[in-house]
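Chains A and B supply the protein sequences, listed in that same order.
Last residue of the first sequence: number 515 in the numbering used here, and the count goes up by one each step with no gaps.
Last residue of the second sequence: number 107 in the numbering used here, and the count goes up by one each step with no gaps.
Source of the hints: derived by calculation from the structure; they are not laboratory data.
Hints are supplied without guarantee of correctness; some may be wrong.
[What the hints assert, rightly or not] Distance condition first, Cα-Cα at most 20 Å in a straight line; then the derived DMTMM-like pairs of lysine to aspartate or glutamate:
(1) A/K73 / B/E70
(2) B/K35 / A/E156
(3) B/K35 / A/D149
(4) A/K486 / A/E440
(5) B/K35 / B/D55
(6) A/K130 / B/E70
(7) B/K81 / B/E69
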Amino acid sequence: MSKPLPKMENKLLKSPSGIKGFDDITFGGLPLNRPTLIVGSIGSGKTFLSMEYIINGIELYDEPGVFMTFEEKTNELLENASSLGFNIKKLIGENKLYLEHLEIGHNVSKEAGTYKIDGLFVRLEQAIEKVKAKRVVLDSLDTLFASLDRNILRTEFKRLFSWLKDKKVTAIVTAELGDVFLTRMGLEELIADCVIELSNRVTNQISTRRLRVLKYRGSAHALNEYPFTIDENRLTVFPLISQGLQQPSSSNRISTGIPQLNEMLENKGFYVGSSILVSGTAGTGKSSLLAAFAHNACMNDQTCLFCAFEEAPNQIIRNMRSIGLDLQPHLQSNKIQFYFARPTLQNLELHFMAIKEIIGVLQPKVMVLDPITNLMTEGPNSDVRSMLTRFIDYLKTQQITVMFSAAITIGSIARSPSDEGISSMVDTWILVEDIATEGERNRGIYVMKSRGMNHSNEMREFIISSNGITLLPVTSGKGGMQIGSKRIGAEKEMIQPNSKRKQQAEISSDSRPNL
Amino acid sequence: MISDTPTSNQKNKNRKKGEFIFQLFIAGNTPISIKAISSIKAIFEKYYADNYTLDVFDIYEYPGLATTEEVLAVPYLIRKKPLPEIRMIGDFSDREKVIDELLILTK
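Throw the hints in and build the complete structure from the sequences for me.
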């Protein structure tokens, strides 16, 4: 039986899956002519991933495939697969796909003594011969022989895997997640080449599918757990990886939409392609700042994608009109596009993917996300943060300036330090704050940080009126900076003919009742 | 689909006439195959004497039969007659179990 060792190749050859994202994290696909183990719990997408591997093999790489199912009946699998957009019948008709349901009948008496699984070999061999298969899926192997003696089975499986290697087919073997071992029968010890784990975790009632390459002998692979989705017709792994290094850094600037805020940022505004966080408690005017930025971009003939997770587009348009920002014309001229979705509607990856798709079509220069904290309710913070980091990286490569709001304050960071992670991944952090003094609440705005520029360190009072957002100049009085009615008082005490200040004071007093 | 059926009983020298008809599927001329054949024959000879037929098929020679008879693990025994069909996996070294499964009354 001994064979001469195959000539060692310097580089491990791969069999591309053609699955979006999957070949990125495996650096090319599955190990060629070797078995790969895919483990996962029920409903984690094992069958789908395997099926897509086979279908893509036929459609994209002209490699016929064999799909042996041990769980679903052939016609059930046909139905399920065609409902997912795979035209399997056609491929079977063209003799490029061989599909068979294998089972040990329920009325078969198991084992009176030892046994071999050559029956499977013989049937596989015929199937492979029939379509000249290059790719083979066994889904899922452990259920097929679940009732048989495990010790014998392990030896037999070992024989099966080396047989598959001899047959020069790239195989996917799926197995359920086990309690003690990774799989119920410890298949992971037998298939030493490549092990991929799929999971489907539910956090806050929203399930997220994830994929991780546990092991890939002889090849580098991405280490993290990557979210993936299965939509109507395709599986997509979401690997926004290693984009951060190639992102361009523009020195061009873009206006904040508020002249006085530009002043605080070297009189120029944000860098193009940077990310800006506007944070503050409820009712501090975060959304208004975002709308002002979006409005200004549209006025300058730039397209804007407005992602709203809180208010419906119509409501945003109505509300912003009340402060003098009319977004309706931009909507009509297609300069602004809304993406409105309830965060709980679907998982974060799907949101980001939907947004990515719109970006691909719209090619926006500017994007606002209001608010990202709503997304956080739907997954542990660390998840959202890594998603967001990768997403921001992606936007950077596209040179899209993104502004998002979050209910993060200095106080909340003290309470939950993880919030700081969000502020550390943005380039510019603007904090808006409610300042309660002597029976009134006023709004203050700071630039907490702005990378790469000499930004102002002042706290400015800002007011939202029917004329938009205005930052007031710093008014000093007794005991430092004066805000609200104290400022108005201090201004009145000053020489009256300063018409500009007077006008601003009027604006501020006009806006008072709206607060 | 894939099919090939043995045209005659050329391989089965043990064919006898009787009311008990069995098919035994083995894989190659291995110790397990040999043991299975001798074990099952010993049982049949004792309990059915001349009243049985045993056809032995090597699935490597009749791969189509593996598919039509849904053979996965071998040795694989099918009692074709009398009905209902009885199917067993193993080399029949567990004599008690075989007798039990085949509903042989040992008195």
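| query | Which numbered conditions among the earlier hints are violated in the structure presented, ordered from lowest to highest? | reply | Going through the list in order, the structure violates no hint and respects every one.
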